[in-house]
Amino acid sequence: MNLTGDSRVISKYYLYKATTSPGFMFPVYTLLLLSRDLTFVQIGITGTATALAKILGEVPTGYIGDRVGRRNSLVISQLLFASVPAGLVFAERFPVFVAIFATLGLAETFQSGSGDAWLYDTLLEEADAESFTSVRGRAGALRKFVGSVTMVLGGVLYAVNQIYPFVAAACMSALGALVLVTLPPNRHLEGETLSPTSALSAARTQLLSIPLRSFVLFVGLLFAAIRATEEFIQPATAGAIEATVSSLTIAGQPLPDSAVLGVMYASFTLVSAVASDSAGSLSSRLGTKGVLALVSSAMVVSMLIPTLVPAVVIPTFFVLQASKSIMRPIANQYINDRTDSFGRATVLSAFSLLFGLLTVPFMLIGGVVADRTSAIVAVAGIGGVYLLSSLCSVVWESPVVGATEQSESGAASAATD
Numbered sequence: 198m199n200l201t202g203d204s205r206v207i208s209k210y211y212l213y214k215a216t217t218s219p220g221f222m223f224p225v226y227t228l229l230l231l232s233r234d235l236t237f238v239q240i241g242i243t244g245t246a247t248a249l250a251k252i253l254g255e256v257p258t259g260y261i262g263d264r265v266g267r268r269n270s271l272v273i274s275q276l277l278f279a280s281v282p283a284g285l286v287f288a289e290r291f292p293v294f295v296a297i298f299a300t301l302g303l304a305e306t307f308q309s310g311s312g313d314a315w316l317y318d319t320l321l322e323e324a325d326a327e328s329f330t331s332v333r334g335r336a337g338a339l340r341k342f343v344g345s346v347t348m349v350l351g352g353v354l355y356a357v358n359q360i361y362p363f364v365a366a367a368c369m370s371a372l373g374a375l376v377l378v379t380l381p382p383n384r385h386l387e388g389e390t391l392s393p394t395s396a397l398s399a400a401r402t403q404l405l406s407i408p409l410r411s412f413v414l415f416v417g418l419l420f421a422a423i424r425a426t427e428e429f430i431q432p433a434t435a436g437a438i439e440a441t442v443s444s445l446t447i448a449g450q451p452l453p454d455s456a457v458l459g460v461m462y463a464s465f466t467l468v469s470a471v472a473s474d475s476a477g478s479l480s481s482r483l484g485t486k487g488v489l490a491l492v493s494s495a496m497v498v499s500m501l502i503p504t505l506v507p508a509v510v511i512p513t514f515f516v517l518q519a520s521k522s523i524m525r526p527i528a529n530q531y532i533n534d535r536t537d538s539f540g541r542a543t544v545l546s547a548f549s550l551l552f553g554l555l556t557v558p559f560m561l562i563g564g565v566v567a568d569r570t571s572a573i574v575a576v577a578g579i580g581g582v583y584l585l586s587s588l589c590s591v592v593w594e595s596p597v598v599g600a601t602e603q604s605e606s607g608a609a610s611a612a613t614d
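Numbering of the sequence shown is given in our numbering, commencing with residue 198 and proceeding in unit increments.
In case anyone wonders, no lab produced these hints; they're calculated from the structure. Cβ atoms here follow ideal geometry from the backbone N, Cα and C, with glycine treated the same way. Heads up, a few of these hints could be off.
[To be verified] Think about it this way: if two alpha-carbon atoms lie no more than 20 Å apart in a straight line, the pair counts; the simulated SDA-like pairs of lysine to any residue are:
#	residue 1	residue 2
1	Lys486	Glu327
2	Lys486	Ser586
3	Lys209	Phe342
4	Lys209	Leu321
5	Lys486	Ser595
6	Lys486	Ile407
7	Lys209	Ser331
8	Lys486	Val498
9	Lys486	Cys589
10	Lys209	Glu322
11	Lys486	Leu585
12	Lys209	Val378
13	Lys209	Arg268
[What the hints assert, rightly or not] For each label pair, taking beta carbons as the anchor points, the in silico distance ranges come out as:
#	residue 1	residue 2	range
14	Pro292	Leu501	34 to 40 Å
15	Leu276	Arg233	22 to 28 Å
16	Leu491	Leu554	37 to 43 Å
17	Val357	Gly484	44 to 50 Å
18	Ala371	Pro507	36 to 42 Å
19	Cys368	Trp593	45 to 51 Å
Required output: the full structure, derived from the provided sequences and hints.
Okay, here's the thing in structure tokens:
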């Protein structure tokens with residue numbers, strides 16, 4: 198059976214992915230933090246708390262996913278995600294915000310390895326693992342299309358009452374948990390167990406192998422740079438938005454900034470959705486190495502230009518979000534093809550652990566630069582650090598092995614699975 202067709206399982210997977218969008222709260226959560234008297238440095242610290250929670254939780258939660266089941270791990274993730282916006286409704290003190298964003302990081306760890314491991318092995322059970330990039334990309338596109346709608350609604354709801362977007366986000370995450378319990382487990386892994394020592398050994402061995410070690414470093418730097426810039430989307434674009442929409446009104450009243458931010462984030466998300474859906478075709482045409490070169494070049498240029506031409510800061514974030522959407526399914530396909538099925542979630546979580554480790558310095562540097570100069574300069578600084586670090590990575594070792602080696606590695610992985 199080809200699961201890329203009208204399979205009920207994959208249809209439910211698409212529905213689950215649609216509920217994972219943080220759309221309702223994403224365009225306005227920084228506004229909420231600022232309204233409760235947090236500084237940019239404190240906001241940067243909350244982001245760092247998320248990253249550190251991911252660092253500490255990635256491999257343990259990946260192991261939990263392999264031990265208790267990937268689907269069960271995803272259910273836990275959704276319930277934790279629901280608790281984050283619910284907590285933001287009531288939070289007032291900075292330490293509470295730090296705890297909430299640490300919970301967000303933990304929620305992401307339960308999802309990061311188990312989600313793609315469940316999908317890849319579900320497709321593998323039906324001899325359809327090669328469709329992973331297409332299915333994952335299409336699911337990401339659907340998630341973003343739903344996100345674009347909820348972002349607009351979130352901005353409007355915030356203009357009515359600050360807490361409404363967060364209540365809606367909590368309900369949406371809870372719905373995702375209900376959908377997940379209807380999905381099947383990975384049948385060929387039922388009854389299997391993996392000791393913590395074996396899980397860590399498998400992750401270390403596979404991620405340090407030649408087909409993966411330079412790839413995960415290069416892509417980890419790419420994702421870390423993009424994640425760090427997301428903290429500055431709202432402040433960096435504020436001036437451009439104000440200049441663009443200052444004359445717009447609704448019923449004679451100025452258009453609320455939160456509503457404009459919702460529309461802008463929805464636009465980001467629609468572009469990202471198209472990018473995510475095109476990941477499979479781009480990979481087929483350009484190859485993994487070609488896509489990496491294209492995306493990396495576009496990222497660096499777009500991050501540096503706004504310091505010279507501030508008006509292009511909004512297109513910069515379009516490029517960054519599209520870059521992330523293209524690379525996520527391609528990167529996970531590359532890693533999955535070179536990873537054993539047993540312990541797959543642990544390996545994918547270890548990759549996310551590296552991504553989290555790399556994110557911390559990017560975010561701290563960005564926060565300090567933003568407070569001393571501006572958000573636009575902080576984005577450029579992150580771009581400069583990414584350029585230098587990625588060049589060092591390439592000089593050390595090519596991030597993608599040659600075509601012959603890829604084929605042999607993929608065949609070996611398939612045989613092992």
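* To do: Using the Cβ atoms, figure out if Leu491 sits within 37 to 43 Å of Leu554.
  => violated, 26 Å
* Would you mind confirming whether the straight-line C-alpha gap from Lys486 to Glu327 stays at or under 20 Å? => Answer holds: Lys486 to Glu327 is near 18 Å, not above 20 Å.
* For the pair supplied as a hint, Lys209 and Ser331, confirm whether the alpha-carbon distance does not exceed 20 Å. => Holds: Lys209 and Ser331 sit about 16 Å apart, inside 20 Å.
* **Hinted pair Lys209 and Glu322, Cα distance within 20 Å** => holds, 17 Å
* Quickly compare the C-alpha distance for Lys209 and Leu321 to 20 Å and report which way the hint goes. => holds, 17 Å
* Does the Cβ-Cβ separation between Cys368 and Trp593 fall within 45 to 51 Å? -> holds, 47 Å
* If you draw a straight line from the CA of Lys486 to the CA of Ser586, is it 20 Å or shorter? -> holds, 18 Å
* Given hint Ser595 paired with Lys486 - CA-CA distance at most 20 Å -> Answer holds: Lys486 to Ser595 is near 9 Å, not above 20 Å.
* To do: Starting from Lys209, check that the Cα of Val378 is at most 20 Å away, please.
  => holds, 10 Å
* Could you see if the CB distance from Leu276 to Arg233 stays within 22 to 28 Å? => Taking Cβ atoms as reference, Leu276 and Arg233 lie about 25 Å apart, which means the hint holds.
* Asked: When you check the alpha-carbon spacing of Lys209 and Phe342, does it fall within 20 Å?
  -> Judged against 20 Å, a Cα distance of about 16 Å means the pair holds.
* Asked: Does the alpha-carbon distance linking Lys486 and Cys589 stay inside the 20 Å limit?
  -> Holds, at roughly 17 Å.
Comparing the model with each numbered hint stated earlier shows that hint 16 is the single one that does not hold.
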